[in-house]
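So the sequences go chain by chain: A and B.
Letter by letter, the first sequence follows residues 0 to 256 of numbering that gives the first Met the number 0.
Letter by letter, the second sequence follows residues 0 to 251 of numbering that gives the first Met the number 0.
Please note that a few of the clues may not be correct.
Claimed, not checked - A few chain A residues that face chain B, going by a derived Cβ cut-off under 10 Å, partial list only:
hint, residue
1, 53
2, 55
3, 74
4, 75
5, 77
6, 78
7, 84
8, 86
9, 88
10, 90
11, 100
12, 102
13, 150
Simulated from the structure, these hints should not be mistaken for lab results.
Glycine included, each C-beta is placed from N, C-alpha and C at the ideal position.
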Amino acid sequence: MAAVEARDVSVTYEGVDRRVHALGGLTLELADGEPIAIIGPSGCGKSTLLLAIAGLLRADEGSIAVGGEPVTGPRLRTALILQDFGLLPWKTALRNAALGLEVRRVPPAERRQRAAEALSRVGLAEFATAYPAELSGGMRQRLALARAIALEADLLLMDEPLSALDALTREDLQGLLLELWRSRGHTQALVTHSIEEAVFLGRRIVVLTPRPGRVSAVVENPGMGSEGYRDTEAFYERCATLRRLLAAEGAFAEVPR
Amino acid sequence: MSGSLGRRALGYLAALAILLAAWELAALAIASPALPPPTSALADFARLLVPALLPNLLVSAYRVLAAVAIASAVAVPLGLVLGRTPRADAVFAPAVFLLYPVPWVVLLPVFLVLLGIGDAPKIALITVIVFFQLLVTSRDAAKAIPPSSVLSVRSLGATRAQVFRHVVVPAALPDIFTALRIASGTAIAVLFLSETVAGTSGLGWYIVDAWGRVAYGDMFAGIIALALLGVAFYELLEAAELWLTPWTRVGR
Numbered sequence: 000m001a002a003v004e005a006r007d008v009s010v011t012y013e014g015v016d017r018r019v020h021a022l023g024g025l026t027l028e029l030a031d032g033e034p035i036a037i038i039g040p041s042g043c044g045k046s047t048l049l050l051a052i053a054g055l056l057r058a059d060e061g062s063i064a065v066g067g068e069p070v071t072g073p074r075l076r077t078a079l080i081l082q083d084f085g086l087l088p089w090k091t092a093l094r095n096a097a098l099g100l101e102v103r104r105v106p107p108a109e110r111r112q113r114a115a116e117a118l119s120r121v122g123l124a125e126f127a128t129a130y131p132a133e134l135s136g137g138m139r140q141r142l143a144l145a146r147a148i149a150l151e152a153d154l155l156l157m158d159e160p161l162s163a164l165d166a167l168t169r170e171d172l173q174g175l176l177l178e179l180w181r182s183r184g185h186t187q188a189l190v191t192h193s194i195e196e197a198v199f200l201g202r203r204i205v206v207l208t209p210r211p212g213r214v215s216a217v218v219e220n221p222g223m224g225s226e227g228y229r230d231t232e233a234f235y236e237r238c239a240t241l242r243r244l245l246a247a248e249g250a251f252a253e254v255p256r
Numbered sequence: 000m001s002g003s004l005g006r007r008a009l010g011y012l013a014a015l016a017i018l019l020a021a022w023e024l025a026a027l028a029i030a031s032p033a034l035p036p037p038t039s040a041l042a043d044f045a046r047l048l049v050p051a052l053l054p055n056l057l058v059s060a061y062r063v064l065a066a067v068a069i070a071s072a073v074a075v076p077l078g079l080v081l082g083r084t085p086r087a088d089a090v091f092a093p094a095v096f097l098l099y100p101v102p103w104v105v106l107l108p109v110f111l112v113l114l115g116i117g118d119a120p121k122i123a124l125i126t127v128i129v130f131f132q133l134l135v136t137s138r139d140a141a142k143a144i145p146p147s148s149v150l151s152v153r154s155l156g157a158t159r160a161q162v163f164r165h166v167v168v169p170a171a172l173p174d175i176f177t178a179l180r181i182a183s184g185t186a187i188a189v190l191f192l193s194e195t196v197a198g199t200s201g202l203g204w205y206i207v208d209a210w211g212r213v214a215y216g217d218m219f220a221g222i223i224a225l226a227l228l229g230v231a232f233y234e235l236l237e238a239a240e241l242w243l244t245p246w247t248r249v250g251r
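Throw the hints in and build the complete structure from the sequences for me.
As structure tokens, this is what we get:
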């Protein structure tokens with residue numbers, strides 16, 4: 000069980016030359032197995048929210064619980080995928096995929112086997128001995144997913160995981176993310192800048208306000224995950240709705256920061 | 000792999016040939032017994048290698064290796080911890096930056112008085128000098144590690160020790176090796192200096208002793224031996240780096 004419950008979460012941290020009020024009383028719930036997308040103007044605290052749910056950042060106010068347990072630190076079955084994928088350049092693909100298991104002291108034979116299975120699940124079976132520098136951007140992203148799969152993560156938190164990829168690779172990986180979610184049924188929170196990506200991968204799409212981030216609107220997107228959704232009228236309508244909501248939050252204005 | 004090794008050997012041979020030619024020309028031009036031509040110098044080197052050079056070479060090698068090993072064993076962990084512990088760094092970094100530029104070689108007489116004229120003062124002097132070079136590099140390397148690398152490993156539930164083992168140490172290794180290679184040159188130079196000042200063993204002593212005996216052939220044989228020690232040390236580090244940081248050579 001990996002339902003997420005964030006109540007009135009506020010986070011302020013020390014920036015380079017000022018205090019940054021990243022989240023201001025944000026409340027958000029994810030049902031167990033629900034995939035949501037989080038979208039908002041840049042600098043709206045989306046990444047801060049993920050770090051707080053992952054237990055890497057303490058909320059100043061409010062509470063966060065995953066699977067009914069209050070979050071006090073990293074949780075064993077939460078996987079966090081950052082924009083640069085968090086791969087270690089000095090480890091081969093197999094050892095990168097096995098890293099979470101190694102950290103948790105799973106015996107070597109078992110972790111090799113589970114990591115190898117995860118690699119073949121994302122189509123990287125032949126690249127087990129390659130270093131990240133030898134992989135393309137899309138393959139690195141797949142490797143980051145393999146690490147989460149090897150961990151048997153039931154909560155997948157992703158911070159703009161596909162933003163560094165070209166359009167074709169991006170669509171390919173959106174398909175992989177959807178397929179993985181369909182077959183594994185994990186809870187998933189995807190932070191993205193892309194309206195189409197949010198509609199393709201979020202059963203609900205949460206729009207945040209500019210900093211300090213709060214939930215501005217939630218768009219229900221029941222058609223998500225259905226066959227050929229990308230080409231339907233409903234898909235375009237959701238995108239248009241989202242674009243309007245984001246414009247209202249000033250996401251498209253050139254705001255000097 | 001063997002191809003690149005072959006190319007490497009070829010490069011060394013070519014460089015050696017150019018070096019010998021330049022030496023020959025310089026010896027002809029200067030025409031002084033202080034700079035013998037390579038043929039006679041190498042003949043002297045071969046003649047003296049086993050009876051005179053090898054014992055001193057071993058003493059010198061021991062001193063420099065012991066010093067670099069001690070300095071690395073202390074400076075690298077200390078530097079890495081400082082680089083990853085902002086509070087400790089705030090206290091110690093200013094002290095390190097004050098002490099780093101001090102020309103520690105001036106401590107030689109102090110070490111000689113305190114530690115006698117055996118191996119100890121030489122090892123101590125080289126250790127101090129290499130220590131600061133390695134400390135500053137390891138600290139900076141640990142500080143420069145991208146936060147996302149650390150975050151992603153911490154999100155997996157890694158302890159502080161595991162973050163060091165999986166992220167900090169490997170991330171800093173290439174920089175540490177660069178520092179070690181630069182330090183190896185300094186270490187040999189300091190070794191030479193310290194051996195010329197006191198004691199009756201080591202290549203530095205041998206070279207200066209031969210100079211005093213006006214035995215320029217012997218002196219040059221000693222110089223060649225010391226140069227070879229430097230090259231061997233450098234190659235040893237190169238081999239260790241090749242073995243310990245394989246990921247730095249993969250192409251995109």
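Exercise. Answer holds if the nearest beta-carbon of chain B is closer than 10 Å to that of residue 74/A; otherwise answer violated.
Key: 8 Å, holds
Quiz item: Taking 10 Å as the limit, does the beta-carbon of residue 102/A come near enough to a beta-carbon in chain B?
Solution: 5 Å, holds
Quiz item: Does the nearest C-beta of chain B fall within a distance shorter than 10 Å of the C-beta of residue 75/A?
Solution: Holds: closest Cβ of chain B sits about 6 Å from residue 75/A, inside 10 Å.
Quiz prompt | When the least beta-carbon distance from residue 86/A to chain B is tested against 10 Å, hint result | solution = Nearest chain B Cβ about 8 Å off; hint holds.
Practice problem: Mind checking the CB of residue 88/A against every CB in chain B and telling me if the closest is under 10 Å? | Solution: 6 Å, holds
Self-check item: Agreement of hint residue 77/A with chain B interface, Cβ distance less than 10 Å
Solution: 7 Å, holds
Quiz item: With 10 Å as the cut and Cβ atoms as the points, is residue 53/A at the interface with chain B?
Solution: 5 Å, holds
Quiz prompt | Supplied contact hint for residue 90/A, tested at 10 Å Cβ to chain B | solution = Holds: closest Cβ of chain B sits about 8 Å from residue 90/A, inside 10 Å.
Practice problem: Tell me if residue 100/A is really an interface residue toward chain B, meaning its C-beta lies closer than 10 Å to one of theirs. | Solution: At 9 Å from the nearest chain B Cβ, residue 100/A passes the 10 Å test, so the hint holds.
Practice problem: Let me know if the C-beta of residue 55/A comes in closer than 10 Å to any C-beta of chain B, holds or violated. | Solution: 6 Å, holds
Self-check item: Cut-off 10 Å, beta-carbon criterion: hint that residue 84/A touches chain B
Solution: 8 Å, holds
Quiz item: Do the numbers back the hint for residue 78/A, that is, is its least Cβ distance to chain B under 10 Å?
Solution: 8 Å, holds
Going through the hint list in order, the structure satisfies each hint without exception.
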